[in-house]
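Position chain X against the provided structure of chain P, taking the given hints into account.
Number of protein chains: 2
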Amino acid sequence: VAAVGEERLIRKIRQWLGAACPPAPEGIGDDCAVLPVASRLITVDPVGFGRHFDATVPPGWVGAKLLKRNLSDIAAMGGAPTSAVVALTLAPAVSVAWLERFYRGLAAAARKYQVSVVGGDVSEGGAAVFAASLTLLGNPAGKRVVTRSGARIGDYLYVTGVLGGSLASGHHYKFTPRLAEGAWFAGRREVMAMMDLSDGLAKDVHALEPKSAAASLFAAALPARKGASTRAALVDGEDYELLVAVDPGADLWRFESAFARRFPAVRLTRIGQMMRRGRPAPGALVLRDVQGYEHLS
Amino acid sequence: VAAVGEERLIRKIRQWLGAACPPAPEGIGDDCAVLPVASRLITVDPVGFGRHFDATVPPGWVGAKLLKRNLSDIAAMGGAPTSAVVALTLAPAVSVAWLERFYRGLAAAARKYQVSVVGGDVSEGGAAVFAASLTLLGNPAGKRVVTRSGARIGDYLYVTGVLGGSLASGHHYKFTPRLAEGAWFAGRREVMAMMDLSDGLAKDVHALEPKSAAASLFAAALPARKGASTRAALVDGEDYELLVAVDPGADLWRFESAFARRFPAVRLTRIGQMMRRGRPAPGALVLRDVQGYEHLS
Chain P
96 VAAVGEERLI RKIRQWLGAA CPPAPEGIGD DCAVLPVASR LITVDPVGFG RHFDATVPPG
156 WVGAKLLKRN LSDIAAMGGA PTSAVVALTL APAVSVAWLE RFYRGLAAAA RKYQVSVVGG
216 DVSEGGAAVF AASLTLLGNP AGKRVVTRSG ARIGDYLYVT GVLGGSLASG HHYKFTPRLA
276 EGAWFAGRRE VMAMMDLSDG LAKDVHALEP KSAAASLFAA ALPARKGAST RAALVDGEDY
336 ELLVAVDPGA DLWRFESAFA RRFPAVRLTR IGQMMRRGRP APGALVLRDV QGYEHLS
Chain X
96 VAAVGEERLI RKIRQWLGAA CPPAPEGIGD DCAVLPVASR LITVDPVGFG RHFDATVPPG
156 WVGAKLLKRN LSDIAAMGGA PTSAVVALTL APAVSVAWLE RFYRGLAAAA RKYQVSVVGG
216 DVSEGGAAVF AASLTLLGNP AGKRVVTRSG ARIGDYLYVT GVLGGSLASG HHYKFTPRLA
276 EGAWFAGRRE VMAMMDLSDG LAKDVHALEP KSAAASLFAA ALPARKGAST RAALVDGEDY
336 ELLVAVDPGA DLWRFESAFA RRFPAVRLTR IGQMMRRGRP APGALVLRDV QGYEHLS
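From first to last, the protein sequence lines stand for chains P and X. The first sequence begins at 96 in our numbering and counts up one residue at a time. The second sequence begins at 96 in our numbering and counts up one residue at a time.
Bear in mind the hints are in silico, worked out from the structure with no lab data behind them. Please note that a few of the clues may not be correct.
Pairs count within a copy or across copies, as identical chains cannot be separated in the list.
Calculated lysine to aspartate or glutamate pairs in the EDC-like style (CA-CA distance at most 16 Å, straight line) [unchecked claim]:
#1 LYS238 x ASP299
#2 LYS238 x GLU285
#3 LYS298 x GLU102
#4 LYS298 x GLU101
#5 LYS107 x ASP346
#6 LYS107 x ASP342
#7 LYS107 x ASP216
Extracted from the complex, chain P is given alone in its bound form (with noise of 0.2 Å):
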């Protein structure tokens, strides 16, 4: 990108982001993007080269997966997503054809959910870096949203989909976020809390967790993807799935068949429940014993 200069390299994006881009000021070109819809959720995460990519991958799945892990951070609250912002830093040395292919996987996943492009910035950075941070805003699709903080000791902990092997199977590529089943569990009043899985479900279960409560997890229930084993399903993490706590007072059967008729195609499993710190149910897994992965260590 070297040679283009910003303000082309800005018209090229436009012009890669295609549809996915409305015109300013609802779009890109002014000192800020006037969104049609104001919003009320917002969160932010980034793709990295060498972190969370390598030359190996295709330009346009990264692009993808900077959306849509954004994307799954809005199911979790029962929301539905309305306009992103995207923040580049690249190394002169970054090929405009490897950036095009990234803008166009990034606007075709745009378009796919809903999603317009309305704002960036492009910075230099040094050699060998691309980094792209994404600020995604979404309102609740419902009524409510649904924190990770209402959970309480009794609560049943259901888990959608698989889990483990995220990055040997490609799923972290290739997953749907749960926008649609996000939804549907914030229209449900027997979910208490909810959250998204991306550092490993070990790990992520405690930030449910109300004090003085701890999560009891079954090995033998853990919904394991085919070739992973219940150690990876617990720790490998980038499982983009829901993990949802339930009233126990609820009627569990009449909740678990009306998700089953609206997601016949997803899994919905009770892995566990919230028990009462230092009593854990018999049989329950010991989580200090595993761990998800930890950032920056």
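Then chain X, alone, in the frame of chain P:
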């Protein structure tokens, strides 16, 4: 930061942000932040080590500037800021002490301008990398936003403050974003278009030119900073002043004196006029002889 680990680092960041970061889900800690006020304006701008600052700059200044350059974009639409998220790319060698001062500077500016820092992301970059990108939301301060696209042939051009020498004088760290002035301009019917000056007047002014028009600027009229040349006022960049186009049918004396009453400490200078392309006003500067700076070139 290598020794700290992501979870502890995020806890520290929340602590450094203090009152600038509300509790989750309004602030950091859930899959998304839930904004108390839905927002319609969005902008994103970065700071990067080696590009926007170096090791001689106090980290608190860098954090404050990251917010203020985005505030300048909100000001340029006639907006008021609401909330921000910050994405960091860090080398493991960045010290916790440096990062603390960066965040405390950001937090102090956020409190001053009533911005909540509601979320963010930290990811690892290569050696010698520190890049931060801030996405800022806002809403129109009054009934309308002012875009870059409303200017017409004949409009007068005005600029706030003084131009040039921003880097040498330290203005690019010390400036106050023109939020009050931008909101005031948006409330005046005679203001047709507005933008903030970041890449230098000579380059930026083209963004206000409607098709078939070109700006005629007058060297003698340019409000250069003390010690800055006319050329510096045209090309230095990082002025963070507002450039506005004003309806030539308006009562300019009334407009100028109303501004002077409301902002007695801020200069407002008529610097030129939009002319038909190829028909510059006599004595106007020939802007193709000067150039604002261009990123990535």
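Honestly, which of those hints from before does the structure not fit?
-> 1, 5, 6
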